[in-house]
Structure formats: C-alpha cells, structure tokens
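Number of protein chains: 2
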Amino acid sequence: MNGTTRDHIIEAADQLFYQKGYEHTSFADIADVVQISRGNFYYHFKTKDEILDAVIGLRLSNTQKMLDQWEADGKSAADRIRSFIQILIMNRAKIMLYGCPVGTLCNELAKLDHAAQAEANKIFALFRNWLSRQFALLGRDADADALAMHLLARSQGVATLANAFRDEDFIRQEVAQMNGWLDMQCTSKRRASAHRFT
Amino acid sequence: MNGTTRDHIIEAADQLFYQKGYEHTSFADIADVVQISRGNFYYHFKTKDEILDAVIGLRLSNTQKMLDQWEADGKSAADRIRSFIQILIMNRAKIMLYGCPVGTLCNELAKLDHAAQAEANKIFALFRNWLSRQFALLGRDADADALAMHLLARSQGVATLANAFRDEDFIRQEVAQMNGWLDMQCTSKRRASAHRFT
Chain A
0 MNGTTRDHII EAADQLFYQK GYEHTSFADI ADVVQISRGN FYYHFKTKDE
50 ILDAVIGLRL SNTQKMLDQW EADGKSAADR IRSFIQILIM NRAKIMLYGC
100 PVGTLCNELA KLDHAAQAEA NKIFALFRNW LSRQFALLGR DADADALAMH
150 LLARSQGVAT LANAFRDEDF IRQEVAQMNG WLDMQCTSKR RASAHRFT
Chain B
0 MNGTTRDHII EAADQLFYQK GYEHTSFADI ADVVQISRGN FYYHFKTKDE
50 ILDAVIGLRL SNTQKMLDQW EADGKSAADR IRSFIQILIM NRAKIMLYGC
100 PVGTLCNELA KLDHAAQAEA NKIFALFRNW LSRQFALLGR DADADALAMH
150 LLARSQGVAT LANAFRDEDF IRQEVAQMNG WLDMQCTSKR RASAHRFT
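Chains as they are written, first to last, in numbering that gives the first Met the number 0: chain A, 0 to 197; chain B, 0 to 197.
Extracted from the complex, chain A is given alone in its bound form:
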C-alpha cells in the first residue's frame, strides 16, 4: 500500500460510505479494512464527522481531476459532455449495486440534516459548472446552466432506477438517448428556448 495511514483511512471510508451508507458505517468497519488499532485510528480521526469531511475533500479533488482529464482529452465540448454521459456505462456495475456516490451521499446527508451537506453538494456543483461551461462552448450561453442541470438530473435518475431494478440494458438505452439528446443540442445551438431541449 502507498500513502499514509491517514490516506488509507480516508480511502477505506470513501468506499464504505458509498457501499454501506455514511450512517451505517462504523469506526470498526473502517478500522477492519485498514487493519489498524483503535488507538492508531483515533490518533488520526476523533469523530466520524471528521472522516466525512476528509472523504468529501477527497471526492472533490478526484472529481476535479476527472473533469480536468476530460477537458484535456475531449477535442470538442460535445466530446467532453459525452465523457460525462459515459460514466454511467463505465461505473454501471457499482451503480447497480450502490447507486451514484454523489447523489446517494447528498440525499443521505439531507435526511440527517448534516452540517456537511453544503460541502457534499459542491461535488454536484463541480459537475454542474463544468457541464454548463461546455454547453456555453456549444453556443448555448443563454441556457447553459439549465442544460447542465437537465443532463445531471437525467444521469441521476438513471442511476437511481438502475440501482433499484439492477438493469444494465436500461442504462445503455438511456445513455444512447442522452447522446441523441446531446446531438440535438449541438444542432439547435443559439436557437435555445425553454422548450427547445425537451
């Protein structure tokens, strides 16, 4: 294993919060994965809230890296948006088991009325702002943010239903439709209206 013990704790917690939920994950669950003593654990983190803050920090940083990578790899804004749509396929196995890591964490923290809600929502905001910038580059300045939110919502909805029904074909079908929808946005640029991207 590379990285510090602290890093290992955060990475283990990141996975467990995703797979089991934040509330359902105990200190003992995390310590079991990292294989450290209770004393060593408490040296790094005193509360689960502190671990959650670190996990959200890690997710923000990993999300930013992924967006930067898509930015570097995509030849056009449409290509970059397709990278976003494609994560439903890339991560389909985990999505069918555990849903979307961002959506399910934000939903859970909202129910817990947790102080870290706003910070967790920043992960969504990273996607939103990045997608919005891509739509603006497509010439859709006027409704770039609405298009970004629309695509983000569709992606979230697919994750929730794919998780409930464990249906890979459904994911592929919806991804094909989202790509078709994107093509329509590219051809209708600068003719945006509220109903244009239905």
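Do not take every clue at face value.
The calculated lysine-lysine pairs, modelled on BS3-like cross-linking and capped at a C-alpha distance of 25 Å, are [said to hold, decoys possible]:
#1 121(B) x 93(A)
#2 19(A) x 47(B)
#3 74(A) x 64(A)
#4 47(A) x 19(B)
#5 121(B) x 19(B)
#6 19(B) x 19(A)
#7 47(B) x 47(A)
#8 93(B) x 121(A)
#9 121(B) x 19(A)
#10 121(A) x 19(B)
Here are some, though not all, of the chain A residues that point toward chain B, as calculated from beta-carbon distances under 8 Å [claimed, not checked]:
#11 102
#12 162
#13 173
The set of hints was computed from the structure by calculation and includes no laboratory data.
Just so it is clear, CB atoms sit at the ideal spot from N, CA and C, and this is done for glycine as well.
Could you slot chain B onto chain A? The hints should help.
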C-alpha cells in the same frame, strides 16, 4: 387520532423513515411521536425490520390508491401521465427537504443490502407498470415500458437535484419540459424507435 395504535406507529415510522432515513430512525424516535410506552411499542413490533415491512406495505397501498384515483380522474392517458409528472410540483417542499420517498428508501436499502429491498422496489414497479399501461393506451405499445422507465428516471433525477440544490424553479422548469416531452410522445404515436423519444 383515528386508527389503531399499530396504525399510528406505522404512520409515524413512515414519516420518520422518509425524513431521517431508515437507519437513522430509532425505536425511541417513533415512540416519541406516537407517545406510547416502550412496552406498548414492543407489543406491536419486536424489530425495526418488522416496522419497515409494515411501512412498505402502507406505501404500496397508498401508491395503489393514488394511481387508482388518477385512473378515475384522468380523461385520457396523457392526462393521467400528467398527474404523475405533477407530483413533483405537489410535493416540492418535501422533495427539496428529503428527496423522493421511493427513490431514497430503495437507495438506502440497497446500501444496507436489506432483505426488504425487493419489496420496496415494488413501489417503483407499481409506478412503472401503471405508466407503461398509460403509454400503451397512447398507442405506444412497442416502447411503453421504456417510456415509463424514462419518465420515472427523469422524475427521480429531478427529485435528487432539487433536494441537493433546494431549487423550486428547477423543478418547475423540468416539469414543463416533461410535459412538453409527453406532448411529443402523443404526436409521435406508433412511430416509435429507440431514438424517437430522446
């Protein structure tokens, strides 16, 4: 209060599971709302799993009643589907606070790998089958189920993002688009193809 003590427990648990999540709700939380003794509580339910089963039963029954009502009230299949879309507006205040009761419960039970998952997913299946029947009535037999899943997914995605961003305008904007999308489905009946309802 009307109904039996057992009913009151189930109704209180239904609300608390929605507002706080299943895992985070304790026996004590439920007993506090119903204002009964621990002894009386245990007389009705021995475990939280038993309460969950009863809550899912209540939700299935309430969902079926709502669908029957829409069926009775809607003059056309399109009208009935609009009733489904409209619940995002009707329930917007709670959705912004707690997300969708169906989606968030199914997501949580999936993470808990809970035995009641399949039963909870039946609530989604009620909506799916009902919507599918309405799309078939619109003449879209060939892709009725895919259209139902698509609309269910869009509705779920809107709920997740409305919850994260607490944005009522976003809900209204997406609902307008879903109604626009529905109008398109009505006019393109029997010309269905994989890309037709993008």
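Hints, verified against the model:
{"no.": "1", "hint": "121(B) x 93(A)", "in the structure": "22 Å, holds"}
{"no.": "2", "hint": "19(A) x 47(B)", "in the structure": "18 Å, holds"}
{"no.": "3", "hint": "74(A) x 64(A)", "in the structure": "17 Å, holds"}
{"no.": "4", "hint": "47(A) x 19(B)", "in the structure": "18 Å, holds"}
{"no.": "5", "hint": "121(B) x 19(B)", "in the structure": "22 Å, holds"}
{"no.": "6", "hint": "19(B) x 19(A)", "in the structure": "16 Å, holds"}
{"no.": "7", "hint": "47(B) x 47(A)", "in the structure": "24 Å, holds"}
{"no.": "8", "hint": "93(B) x 121(A)", "in the structure": "22 Å, holds"}
{"no.": "9", "hint": "121(B) x 19(A)", "in the structure": "22 Å, holds"}
{"no.": "10", "hint": "121(A) x 19(B)", "in the structure": "22 Å, holds"}
{"no.": "11", "hint": "102", "in the structure": "5 Å, holds"}
{"no.": "12", "hint": "162", "in the structure": "5 Å, holds"}
{"no.": "13", "hint": "173", "in the structure": "6 Å, holds"}
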